[in-house]
Amino acid sequence: GAVVSQHPSRVICKSGTSVKIECRSLDFQATTMFWYRQFPKKSLMLMATSNEGSKATYEQGVEKDKFLINHASLTLSTLTVTSAHPEDSSFYICSAREGEGAGYTFGSGTRLTVV
Amino acid sequence: QKEVEQNSGPLSVPEGAIASLNCTYSDRVSQSFFWYRQYSGKSPELIMSIYSNGDKEDGRFTAQLNKASQYVSLLIRDSQPSDSATYLCAVKERAAGNKLTFGGGTRVLVKP
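Protein chains in written order, with this note's numbering: chain C, 1 to 115; chain H, 1001 to 1112.
Source of the hints: derived by calculation from the structure; they are not laboratory data. Ideal Cβ placement from N, Cα and C applies to all residues, glycine included. Take the hints with a grain of salt, since some may be wrong.
Label pairs and their computed distance ranges (CB to CB) [as the list claims (entries may be wrong)]:
1) C:3 / H:1022: 24 to 32 Å
2) C:83 / H:1005: 33 to 41 Å
3) C:45 / H:1012: 26 to 34 Å
4) H:1052 / C:15: 46 to 54 Å
5) H:1058 / C:65: 39 to 47 Å
Below, in silico cross-link-like pairs of lysine-lysine (DSS-like), each with a Cα-Cα straight-line distance of 27 Å or less [as the list claims (entries may be wrong)]:
6) H:1067 / C:55
7) C:42 / H:1111
8) H:1111 / C:55
9) H:1042 / C:20
10) C:41 / C:66
11) C:41 / H:1111
In isolation and in its complexed conformation, chain C is listed as follows (with noise of 0.2 Å):
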């Protein structure tokens, strides 16, 4: 089946500094992937849409300077959380569709911990 690696899995970064992550589609081609945070015990919120080639479409509210979304290739999608600070810290996970009528797979998700 499809997979989509996300690195990385975990990481604490100090205040004001940008991370970055990135998701990846293993064995097949991903024309659209999606970005989204999910605080403790909440459910997924799409912060944006990641379209291979163009710009990101982001969800209302959601800060497009503070979220840089790169979709450079076929395979590879980054987010880079720029000048984190302690309210970003979240679980962020990726996902991507094979094509139509597939579901959506996820990443393993990044715990991020800004301190």
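Add chain H to chain C, keeping to what the hints say.
The following block gives chain H in isolation, referenced to the frame of chain C:
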């Protein structure tokens, strides 16, 4: 705003019993429905997808879809302690760029 609603639980079921989870959605033109299982600290895993009215069975899991009533349910037969997790209902809208809207999740506890 389009919504997907689930009871947060916890839904406590004895081992071997049937766990029944429900999900309602507000967007009448939704076309694809998914159930995911999420263990604490892990990312969601796809259990079932369903696109047409009726039942769809896969092992111990059965998804039921009723588009007229705008609900989708998941039955877990012969529940095992390893089924203890949060179950997320997700809906794909027809004209929403393939993105999913998730419900808040139902926490299931299977007691030995």
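Verification of the hints:
1. C:3 / H:1022: 24 to 32 Å: The hinted range 24 to 32 Å holds for residue 3 of chain C and residue 1022 of chain H, with Cβ atoms some 31 Å apart.
2. C:83 / H:1005: 33 to 41 Å: holds, 35 Å
3. C:45 / H:1012: 26 to 34 Å: holds, 27 Å
4. H:1052 / C:15: 46 to 54 Å: Once the Cβ atoms are compared, 50 Å apart, the range 46 to 54 Å for residue 15 of chain C and residue 1052 of chain H holds.
5. H:1058 / C:65: 39 to 47 Å: holds, 43 Å
6. H:1067 / C:55: Judged against 27 Å, a Cα distance of about 34 Å means the pair is violated.
7. C:42 / H:1111: holds, 23 Å
8. H:1111 / C:55: With a Cα-Cα distance of about 48 Å, the restraint between residue 1111 of chain H and residue 55 of chain C is violated, given a limit of 27 Å.
9. H:1042 / C:20: holds, 19 Å
10. C:41 / C:66: holds, 24 Å
11. C:41 / H:1111: Holds, at about 21 Å.
Checked against the numbered hints given earlier, the structure breaks hints 6, 8 and satisfies all the rest.
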